[in-house]
Amino acid sequence: MPEAFKFELVSPERLLVSEQVESVVIPGAEGEMTVMAHHAPVMTTIKPGVVTVKTAQGKEERYVVFGGFADIVPAGCTLLAESAVAVGDIDRADLARRIQEAREDVADAKDDQTRSKAEQFLSQLTTLEGAVLPA
Amino acid sequence: MPSLKDLRNRIASVKATQKITKAMQMVAAAKLRRAQEAAEAARPYSERMGAVLANITQAIGGGGEAPALMTGTGKDDVHLLVVCTAERGLCGGFNSQIARLARDHIRKLLADGKQVKIICVGKKGFDILRRDYAALILERVDLREVKTLGFVNADAIAKKVIQLFNEGGFDICTLFYSQFKSVISQVPTTQQIIPAGMPSAAAEATDGGNAVYEYEPEPGEILSDLIPRNISVQVFRALLENAAGEMGAKMSAMDNATRNAGDMINKLSITYNRQRQAQITKELIEIISGAEAL
Numbered sequence: 001m002p003e004a005f006k007f008e009l010v011s012p013e014r015l016l017v018s019e020q021v022e023s024v025v026i027p028g029a030e031g032e033m034t035v036m037a038h039h040a041p042v043m044t045t046i047k048p049g050v051v052t053v054k055t056a057q058g059k060e061e062r063y064v065v066f067g068g069f070a071d072i073v074p075a076g077c078t079l080l081a082e083s084a085v086a087v088g089d090i091d092r093a094d095l096a097r098r099i100q101e102a103r104e105d106v107a108d109a110k111d112d113q114t115r116s117k118a119e120q121f122l123s124q125l126t127t128l129e130g131a132v133l134p135a
Numbered sequence: 001m002p003s004l005k006d007l008r009n010r011i012a013s014v015k016a017t018q019k020i021t022k023a024m025q026m027v028a029a030a031k032l033r034r035a036q037e038a039a040e041a042a043r044p045y046s047e048r049m050g051a052v053l054a055n056i057t058q059a060i061g062g063g064g065e066a067p068a069l070m071t072g073t074g075k076d077d078v079h080l081l082v083v084c085t086a087e088r089g090l091c092g093g094f095n096s097q098i099a100r101l102a103r104d105h106i107r108k109l110l111a112d113g114k115q116v117k118i119i120c121v122g123k124k125g126f127d128i129l130r131r132d133y134a135a136l137i138l139e140r141v142d143l144r145e146v147k148t149l150g151f152v153n154a155d156a157i158a159k160k161v162i163q164l165f166n167e168g169g170f171d172i173c174t175l176f177y178s179q180f181k182s183v184i185s186q187v188p189t190t191q192q193i194i195p196a197g198m199p200s201a202a203a204e205a206t207d208g209g210n211a212v213y214e215y216e217p218e219p220g221e222i223l224s225d226l227i228p229r230n231i232s233v234q235v236f237r238a239l240l241e242n243a244a245g246e247m248g249a250k251m252s253a254m255d256n257a258t259r260n261a262g263d264m265i266n267k268l269s270i271t272y273n274r275q276r277q278a279q280i281t282k283e284l285i286e287i288i289s290g291a292e293a294l
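Chains as they are written, first to last, in our numbering: chain F, 1 to 135; chain D, 1 to 294.
Just chain F, with the same shape it has in the complex (with noise of 0.2 angstroms):
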């Protein structure tokens, strides 16, 4: 049995979670990693993705985050997403609004930077959103 470690996810909302956790699967910007107990520590961004969350207690749950950016340290590991929800109560038309939303962001780009930014968002939420809704 793995060893616990606290983990707390924060929305600016709220307090989503704050327990004690085996592992956390965290969208990373550059890719995903799994955090466990006395993992060296870490700053990263996190894009819009799926966060696993095994409690100690052996379940596992998922939650939907719109990037934000997590804080890792050996005894414990801070997620500050910028909106997060369960996976079971993420709303089909907030998600479609966003895409929309990150659509419009792209036809509005005024250079390439800010095209290719905005373009890398829009393909991170179609990927969440085929990984989340069942088509």
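These are calculated hints, taken from the structure and not from any lab test.
Only true hints are included.
Restraint ranges, calculated between C-beta atoms of paired labels, are given here:
id, chain 1, residue 1, chain 2, residue 2, range
1, F, R92, D, A41, 22 to 30 angstroms
2, D, R88, F, D94, 23 to 31 angstroms
3, D, G93, F, R62, 46 to 54 angstroms
4, D, D112, F, D94, 42 to 50 angstroms
5, D, A29, F, K6, 32 to 40 angstroms
6, D, R33, F, D89, 22 to 30 angstroms
7, F, R92, D, M264, 54 to 62 angstroms
8, F, L15, D, A68, 29 to 37 angstroms
Derived list of chain D stretches under chain F, where covered just means 3 residues or more per stretch with a C-beta under 8 angstroms from a C-beta of chain F:
id, stretch
9, 31–44
10, 48–56
11, 224–237
For glycine and all other residues, C-beta sits at the position ideal for the given N, C-alpha and C.
Position chain D against the provided structure of chain F, taking the given hints into account.
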């Protein structure tokens, strides 16, 4: 001297007013609880944000890598004031206090020959500032339709501010809001959000110790992502505190109004009763003196 009928009507109308203020007080109390909960729920995020920010600025070491949003433009010629007030009145001196603070600030800046721009959040502040400084108001953010304040509302305001900054619209941005101390005390406060300034060493995260962090991607990149978000968080916090403060102020204002109405009813009732007595006495005297004359 008002007639008995006038007095009766008057008492009835004050009673109706009292019922309304009483109801408003109870509504405000319920909303206050919710607003307070929202403000408390938002606290962990801003605390963590502060800790992370302190940590990362330490990593960069305050070098030239820090983004302009943090260091500022190096000038202080053009000031942007974001004045957050309530959408509704009937909450005592809440709105006028914030507006007064903003007005004093504006006057001082103008006297120093600085240029001032204003963004009003909330209708009441706009109404007050429009009287004197209509030309300086860039924009008015309307949150009237918003039932529960979300991070998106704050984010929209912050985005506008940042965009303006990137276009070189101003050098220093200050946020005006009312700090929620308790139900009976709200303190109008100013907070400079751009340039953000370096977080003080005291706020540094302690749980990581002096461990060497790995950053993904580069610290500078994270920081440039983080700072705009931090501004949104600050605005969000200000809005939440304002919402709680507004409800607190409204509650005590309505409590006062209810009590005043009660006093007034008492006074009017006494006058009414006296007058009624006087009339009865007068009628009796008339009857008795009529009987004596016979």
